[in-house]
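Undergrad: Protein chains in written order, with UniProt numbering: chain L, 1 to 347; chain A, 1 to 347; chain P, 1 to 347; chain S, 1 to 347.
Any given hint could turn out to be false.
Because identical chains share one entry, a pair is satisfied inside a single copy or across any pair of copies.
What the hints assert, rightly or not - Under the rule of at most 27 Å between Cα atoms (straight-line distance), these lysine-lysine pairs were calculated in the DSS-like manner:
#, residue 1, residue 2
1, Lys54, Lys339
2, Lys85, Lys132
3, Lys132, Lys187
4, Lys339, Lys85
5, Lys187, Lys59
6, Lys187, Lys339
7, Lys265, Lys187
8, Lys265, Lys339
9, Lys68, Lys265
10, Lys54, Lys187
11, Lys68, Lys339
12, Lys59, Lys265
13, Lys68, Lys132
14, Lys187, Lys68
Everything labelled a hint here was simulated from the structure, so no lab data went into it.
There are 4 protein chains.
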Amino acid sequence: MEELGRLEDLPADYREALTRLNLVPLWPSLRSVLPPHIPTRQTRATHWPYASLKPLLLKAGELTPIEKAERRVLVLANPGHGLEKMQASAAMYLGMQLLLPGEWAPSHRHTPNAVRMIVEGEGAYTTVDGEKCPMSRGDLILTPTGLWHEHGHDGTEPVVWLDVLDLPLVYYMEASYHVNGERQQVKPGSGDRAWTRAGVAPTPVFQRSQQRYPMLRYPWADTRAALLALAEDQPALECVQVTYINPETGEDAENILGFYALMLKPSQTLRLPARSPAQVFHQIEGNAAVTVDGASQPFTLAEADTCCAPGYTAVTLHNLSSDQPAFLFMADESPLHRKLGVYEVRA
Amino acid sequence: MEELGRLEDLPADYREALTRLNLVPLWPSLRSVLPPHIPTRQTRATHWPYASLKPLLLKAGELTPIEKAERRVLVLANPGHGLEKMQASAAMYLGMQLLLPGEWAPSHRHTPNAVRMIVEGEGAYTTVDGEKCPMSRGDLILTPTGLWHEHGHDGTEPVVWLDVLDLPLVYYMEASYHVNGERQQVKPGSGDRAWTRAGVAPTPVFQRSQQRYPMLRYPWADTRAALLALAEDQPALECVQVTYINPETGEDAENILGFYALMLKPSQTLRLPARSPAQVFHQIEGNAAVTVDGASQPFTLAEADTCCAPGYTAVTLHNLSSDQPAFLFMADESPLHRKLGVYEVRA
Amino acid sequence: MEELGRLEDLPADYREALTRLNLVPLWPSLRSVLPPHIPTRQTRATHWPYASLKPLLLKAGELTPIEKAERRVLVLANPGHGLEKMQASAAMYLGMQLLLPGEWAPSHRHTPNAVRMIVEGEGAYTTVDGEKCPMSRGDLILTPTGLWHEHGHDGTEPVVWLDVLDLPLVYYMEASYHVNGERQQVKPGSGDRAWTRAGVAPTPVFQRSQQRYPMLRYPWADTRAALLALAEDQPALECVQVTYINPETGEDAENILGFYALMLKPSQTLRLPARSPAQVFHQIEGNAAVTVDGASQPFTLAEADTCCAPGYTAVTLHNLSSDQPAFLFMADESPLHRKLGVYEVRA
Amino acid sequence: MEELGRLEDLPADYREALTRLNLVPLWPSLRSVLPPHIPTRQTRATHWPYASLKPLLLKAGELTPIEKAERRVLVLANPGHGLEKMQASAAMYLGMQLLLPGEWAPSHRHTPNAVRMIVEGEGAYTTVDGEKCPMSRGDLILTPTGLWHEHGHDGTEPVVWLDVLDLPLVYYMEASYHVNGERQQVKPGSGDRAWTRAGVAPTPVFQRSQQRYPMLRYPWADTRAALLALAEDQPALECVQVTYINPETGEDAENILGFYALMLKPSQTLRLPARSPAQVFHQIEGNAAVTVDGASQPFTLAEADTCCAPGYTAVTLHNLSSDQPAFLFMADESPLHRKLGVYEVRA
Ligand SMILES: [Fe+2]
Ligand SMILES: [Fe+2]
Ligand SMILES: [Fe+2]
Ligand SMILES: [Fe+2]
């Protein structure tokens, strides 16, 4: 590959003339914006242990009342992008949110999509477009683009959840904004009882649901049971994994990011191939070692720990227990990559 | 509307000349093939009580060994079409099939799609493309177009199921044929354990299933639970109904006919509007009165009874029990009507 | 394959008991409704020469005034189905329609879909949902399900066109009916000038058309030019064929039947493989020999001639001219077979 | 809206502890990443006149041989993003590329999608996956993601074209890379003669094309004719606009950006509403005034001029000629916004 002309090879007055007209020569930057064979990635393998994060989050509860925070969140920021960018990867934002008993995070809606993976505590709930969704460890709750959502807490202990948003991408697209709203009227329906079994969809008088997001709450008890049933049905299956989908259409549950649950059998080691999207791992149950190709060392995930890996990178998971399964929640940028036509798996 | 010319208004030699050239004048038949406002329907509201049918089916078991029948079926034939046509409606075929302990219905596949709704007996199973699906009262088992299927019976009592096929339509299209096959190798997987919960799809290493028919068995225990959960979630919902769907895509479970389960609350009366497709009702649990508009009298469905109603006709269902829910299985021609652009609901 | 039990093997009283209950044993008919390997087809290769048909059609113009015919059509009936069934195949109806100068075929709409292939004469037009579509030799005009249509004639000579409808199938489905309407208001737009070039779609203020049938008229001049351009672009291409599609979605132009135009180079012989749908050939320009596998002899198509072939049957086309291309219009049941999952090509 | 806590409200040691753990408090930045009602946009209305750009581009031809540039491009950079970012908007890159007679830009492929709008000169061509596409003023040529492409020039005068790529977005996603290739074998087919007429698709032996990008060249002569036909067909239509689409599927021609052509009638003033995507205007014929809401003054576009406008912003176009139509090429981020669910039109 020939070396290309550099900026400094061009006469200074020529360069000034270009700048005056908002013009830039491409060739000095061509290799950098279109590198050979593999993209340049700022996303760096990063581990956020819950044990060290939690005290700081509780401290935030003391330092900042909910009215001064609106959403009391510590963002899990990837140092590769610069912490102030508040992004885990190009398209993913991760935040640990704390809600104290009796607190109220008021209703708003926004263009970015969010999900909440409940980390600990009982008694909190999210109301999404009028459906009151209870929050328990491992539950996944959707608050997709444009839907009103607010959080309340009737319990007695702090509640913590992991927010996963596509905020960095939507912000980059210059399409990120929010609208504040009134406290919602709660309708019947808890967001998870109308769609319960695979293969049967509610159809009063033969009518399929018109809702873009029919299912708002994915109870962990059900997802866990689905993983166990899958493993039992196909004993030879190496990778016991499910994707959170829209039960009416089979599409990914949200527009931009994909969400998954994965079960490692006792002592299992599982290699996930390099794929173009960046990905995030969060330990729901058990302990797993996560080895990101090219990273200096494996991460040891305790319960409630979170880590991320850049795109185009293979990852090896290992269940550290020899007698219990381990359960991981995952998020990645697959729907984005697929919709835009750049999704790739490298063997 | 003006009266049109009749065949007998045309000169005899002209009519003969037409016939010689395989020509027919349209106008004498125009009103009959394109009647005003509503189609002509031969499908007639018909009731097949299980109590009277069952002894004849068992008698068939004595009269005809399985080797002489291949599938030992009494067809539920609509007298409006002529019994010899063996059709419940334009597109639906219904048959009650008997399998005796130890019998074997050998492997074949065919262009028409079938489902089996198990009526009574334990211990039988259907093997579909290598997946061995156990059969219990109320289970729905798919044997879609082109998939190998065979039936066996390890139990001790006769097993009976209701076959629903789109055979009349596929036969009319001149596309109906079968191929016989060897006894299938049974693979792991019982056709109903990989897809169990709504909203989570198996995706080993992020891969969605490539199977056109991922779920082959819909256990009644799950469908029944889904109906109860739906009723509990939405107490004001009048029509507690689910559709059997492909859990990967949200499409109807099969290509041509639609399949549903419906729960009537104690003493509930439910009116289903006139829709273009013909429909079939089969009582899984309880007793219901089915009033087909224009029929001389309501049908009283006991458990395992079956009846049908023509298209463009409203039907009223009534649960005859004041303290138990009633459960109905339904089949109709909705996917066909929708795909071909003639689906219609008349208020 | 074992011989199955016959009806007459069953005791007479048993058979009577079955009949009383609207029941029929399946096994005596099993082979006939599900024959091995290939369907039973009543559709027979049939040729309707225009030269012999035309005088009878003009005679119909004398015998029956338009008011007594509403649509003055001689149906091209397949003797394999019985002429009175008025069907060319399971799903296709063909009719030659005559409109005399000054006549008027009043507005109606119906569930079956129609197209008109203009055969001869100038000055007639069809108004479809308010768009006035001029009719010239070779033009294809859609009158899809549910759209108002009426025909008028401002010229001086008789106009003849070939109607192709899915009436037999829709009638079989018990879904065929019509509604009469008032004379339509004519809107601007001639049904063929908004969509003209491949790859560019009208989008006022970035809005795609919401019409289910955006293009109602396919001028022969354009289709012919497309065939010539295709042949020129790909000189090695053996089969120069186009499909009439919805230019907004790429779907077949109508719901149930498919429509095509095909060019045979001078002296070309082209073999079309056996496919599951029945098909129809109509000569627009030139002369072709059509050899239907299994038929007693080839048909020699003169201009305006029409013939049909059953499904699962290979057909060989041969251009009888050594210096001019020949152009054929074709119709088949492909969309129906594909949507219902029974489409098949046999090598 | 309550004022939220600031970063400096937090104790310094707390902030340091957060930083050490790659954590960032959200609330001090919440309003900035999710502003109320409308996104923050760095994209600024910018005008790149061709008259001033062209001499600098020709100068680049003298300063930098093609071997040192690979692609000799001056990037039209939006000052709102910082010139070094080389982006016209969040997702759009614009470049003016010069190819001199006899030069050769070697074959490569890359993840970002490109189109070329030819600005001036005859005799150049782009070979895309083996199809040699001639380049003339106003032609649009696709080089979509993953397709090999190279440029040659058999003419005698410099050729200039406008490149539009989604490079900024794909780069942001950390998915941008390229692969160099061998000189391509040229196949028959010039990328624009197989699909020529709307509503008819090439289907040799009934087979639709399997190519993801069937049409690679959209000749200006055809697009211009389509605009004129549309205006003639619907004289009352205010906005005479077409979208470049995939003629097989009706989808946008490429995955991420949308491409359009628009005709202004003599003296016409046309207001385009505020929509979420940023957009680009390039004058093919005539002269138009482009008024971007909120910009200090209108841009007067001469032929070959280019300008851009941020998202969520209305734009008014005015044809400065009183007797000739004006023709504009447009690009925007609509497919991206639609696929990701954030597309919005504000009345
Ligand atoms: Fe929010
Ligand atoms: Fe069968
Ligand atoms: Fe009609
Ligand atoms: Fe390139």
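Undergrad: Could you tell me which of the hints above the structure violates, numbers in ascending order?
TA: 1, 2, 5, 6, 8, 9, 10, 11, 12 and 14
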